[in-house]
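Starting from the known structure of chain R, fit chain C onto it as the hints suggest.
Those protein sequence lines, which keep their order, are chains R and C.
The numbering of the first sequence is this note's numbering, which starts it at 3 and goes up by one.
The numbering of the second sequence is this note's numbering, which starts it at 4 and goes up by one.
Errors might be hidden in some of the hints.
[What the hints assert, rightly or not] Pairs of lysine-lysine, BS3-like flavour, derived with a Cα cap of 30 angstroms:
hint, chain 1, residue 1, chain 2, residue 2
1, C, 318, C, 344
2, C, 75, C, 266
3, R, 177, C, 75
4, C, 75, C, 22
5, R, 177, C, 84
6, C, 5, R, 143
7, C, 197, C, 329
8, C, 75, C, 53
9, C, 207, R, 145
10, C, 207, C, 173
11, C, 75, C, 200
12, C, 310, C, 111
[Unchecked claim] Okay, the calculated bits of chain R under chain C, using three or more residues with CB under 8 angstroms as the criterion:
hint, stretch
13, 16-22
14, 149-159
[As the list claims (entries may be wrong)] Selected chain R positions facing chain C (Cβ under 10 angstroms, derived; list incomplete):
hint, residue
15, 3
16, 5
17, 6
18, 12
In short, the hints are calculated from the structure, not lab data.
The beta-carbon is built from N, C-alpha and C at its ideal position, and this holds for glycine as well.
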Amino acid sequence: MPLLSTVGIEGVIPFGALFRYLHYYAAQFTFLFLFWHTTEALWARSYQRRHFFHWFLLTSTYPLTILALFTGYIVRGDETGLSAGRIAENLILTLPFFGKILNRLFFAVSEEGIHRAYITHIFLSFVLFFLLGIWHFRLRKIKLEDLSLWATGALALSLLWPPPLEAPHFQTSLKGPWFFLGIQELLRYLPPFGAGIIFPLIPIILLVFFPRAPKRAGWGLLLWHLFYFALLGRGLLR
Amino acid sequence: MKRLVLLFGIGLLLVALVKEGLRKRASQVPVTTSGQVEMCLSCHQERPEKVHSREVIGCSPCHGGDPLRIDKHLAHRGLIKNPADLRVVDYTCGAPSCHPEMPERVKKSLMATNRGIINTLRRYWGEIPENPRFREEDDVAVLLNEKSVSSLALDYFRKLCGSCHLWFEKGKFPDFLGEKGGGCVACHLVPGPKEAKHPRLTRKIPIQNCVRCHNRSGRIGLTYQGLYEDEGYGTPYIEGDFGEPFLVDGRFVREIPADVHFKAGLVCIDCHLAEETMGDGKAYTHFEESVEIECVTCHGGDGTTRKGRKVSGVKKQGNQLVFITKIDAKVLPLKAPDALKCRHKVHRRLSCQACHASRVPQCFGCHVRRDPRQTQLDKISGQETPGAWEEFRSYQRLEEPTLGLKGDKIVILVPG
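Isolated chain R (complex conformation):
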């Protein structure tokens, strides 16, 4: 029972809650900084200095980081996590041919509970950490002072706002992870394949092929994100 472990970490193990909270906020920072870093890289036209294959590898880490973050929500096994897992599974199964394979690879929540999502989470997190670490540390050494600064931020947030853990009772509506709320909102208006597969695929394709048509891809990304943030805001206000 995964929730038992999550609650045990938080309520029974010494320092468990603190480390869980730090882990949560560190993960949010990772995603937000990756978003910022990608925007910055596009703005600085760093793709011009990269081989397309390298650019493709780098941009593919963007959806993989989101997947690592998303599976982090699933593995805590609470109401949000389990529902997010089921929704993700059903969305990916709408993908023709590859749907079943990808589901077996990343989620398979209905068959294995959170087991597969847990492996995905651990494996992806470490692979991303090491691969991106090797890549970036070759280019630039990050100062311990800077890292401590963000650790302080994570610590302050942990002490002030313990991250969510949703109990199963009194739920009349359930909200997914905050970054997923835009898709959750769009699912009200579009079929699952459109809202859950095609729509999130658009920015990834635009990002990968950004070097080929920077202006059009840039506008595309901007409009997509404006639309997504509007959906996100609507979802948050529900």
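Positioned in the frame of chain R, the structure of chain C alone reads:
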């Protein structure tokens, strides 16, 4: 600047260490038999009755809060003191896995709407047409959302009648009012053993729970038990104290012969069906429409009410119909009406009460006064608002009732 932030970080780390040292931790994660994590159980020792036992249900399905947290301020977020309150009952008692059909039924019942009282009051005071048709707005739930009081009758209702309905918040008002209302628990709650630290919920509703409200107007709850609301002042005084017992609201009562059913051990819920008390899903205006039990349901009948429902206490033992009481499972023989007296054609229009209600408390000269200079507690909104009502009566008697006609039937007429 960075150094300052780092110093702040070190300070925060120290705070985190101290906080962790002071933090209460559970020795294990408590799980109910239904598989729900209930961290509440690691601190709380309260023991409700068996059917809602802590090991099976835990605390949070009823009382909300966050069962996944051990820190008090997080665990107690969204805590509900009284889960049976009609404002929250859809998510608590009425949750899909518990009693999902009940909240809607109860909210439509007359004990929740008070529609009969509101409708009659407004009709008598000339605020609505004489035709007693069903009016959806005659409902306590509607009054709860009303921003301003729109009529004198409603102002009167809010101040003098507004504590006898199921929407009334238990424990919100002082003294005896604090015991009233509370949704489901207005009826279903009884005190638990001291060591349980939790009251008990029961289906065996004691008469005291009903009489908490049903003690005015017809005063049926009092008369049934053999109590008569006296006009006296507790006299004669005995050894410096009142010579008469008194009710929680200070009214003096005198002991009179109790109803024969009370003497036999029957309480209100022995006769009155769940569909009458908790509603049958339909919205009625008056209690005559809701009440379906009649004397002849058990006495001469086979326990089937006028709406075709069975009274659960009526059973067949051998060739005889008996009544089994709900509280203590006492088996009582059921007597059929006297064939000669009751079935005789000259008595065919008489209601049972016309002969069998030998004494009825009657309140004459009822009148009310409103003093606009004073304020009084509006029991619906919980606010002190301008205008204080006072009730008066000329005199009260315990007498043979006057007989009169209601349709074709001869019934007793009782001024309340």
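Against the structure, the hints:
1. Distance hint between residue 318 (chain C) and residue 344 (chain C) is fulfilled; the C-alpha atoms sit about 26 angstroms from each other, no more than 30 angstroms.
2. As the CA atoms of residue 75 (chain C) and residue 266 (chain C) are separated by approximately 50 angstroms, the hinted pair breaks the 30 angstroms bound.
3. For the hint linking residue 177 (chain R) to residue 75 (chain C), the alpha-carbon distance of about 24 angstroms falls within 30 angstroms, and the restraint holds.
4. This hinted pair checks out: residue 75 (chain C) and residue 22 (chain C) have alpha carbons roughly 13 angstroms apart, not beyond 30 angstroms.
5. The straight-line distance between the Cα atoms of residue 177 (chain R) and residue 84 (chain C) is roughly 26 angstroms, inside the 30 angstroms bound, and the hint therefore holds.
6. A threshold of 30 angstroms between alpha carbons decides the hint, and for residue 5 (chain C) with residue 143 (chain R) the separation of about 18 angstroms falls inside it, so the pair holds.
7. A threshold of 30 angstroms between alpha carbons decides the hint, and for residue 197 (chain C) with residue 329 (chain C) the separation of about 25 angstroms falls inside it, so the pair holds.
8. Under the criterion of a C-alpha separation no larger than 30 angstroms, the hint pairing residue 75 (chain C) with residue 53 (chain C) is consistent with the structure, at around 26 angstroms.
9. Between residue 207 (chain C) and residue 145 (chain R), the direct Cα distance comes to roughly 72 angstroms. Violation of the 30 angstroms bound is thereby established for this hinted pair.
10. With a CA separation close to 20 angstroms, the supplied pair residue 207 (chain C) and residue 173 (chain C) stays within the 30 angstroms bound.
11. Straight-line distance between C-alpha atoms of residue 75 (chain C) and residue 200 (chain C) comes to about 19 angstroms, which keeps the hinted pair within the 30 angstroms bound.
12. For the suggested pair residue 310 (chain C) and residue 111 (chain C), the alpha carbons sit about 18 angstroms apart, so the restraint of at most 30 angstroms is met.
13. Residue count for the stretch 16-22 of chain R with a Cβ under 8 angstroms from a Cβ of chain C: 4. That meets the three needed, and the coverage hint holds.
14. Using a Cβ-Cβ cut-off of 8 angstroms, 6 residues of the stretch 149-159 of chain R lie near chain C, which meets the minimum of three, so the contact claim holds.
15. Because the smallest distance between the Cβ of residue 3 (chain R) and any Cβ of chain C comes to about 7 angstroms, under 10 angstroms, the interface hint for this residue holds.
16. Using the Cβ-Cβ criterion of 10 angstroms, the hint placing residue 5 (chain R) at the interface with chain C is satisfied: the shortest such distance is roughly 6 angstroms.
17. Taking 10 angstroms as the C-beta cut-off, the interface hint given for residue 6 (chain R) holds, the closest approach to chain C being about 5 angstroms.
18. At a threshold of 10 angstroms, the smallest CB-CB gap from residue 12 (chain R) to chain C is about 7 angstroms, leaving the interface hint in force.
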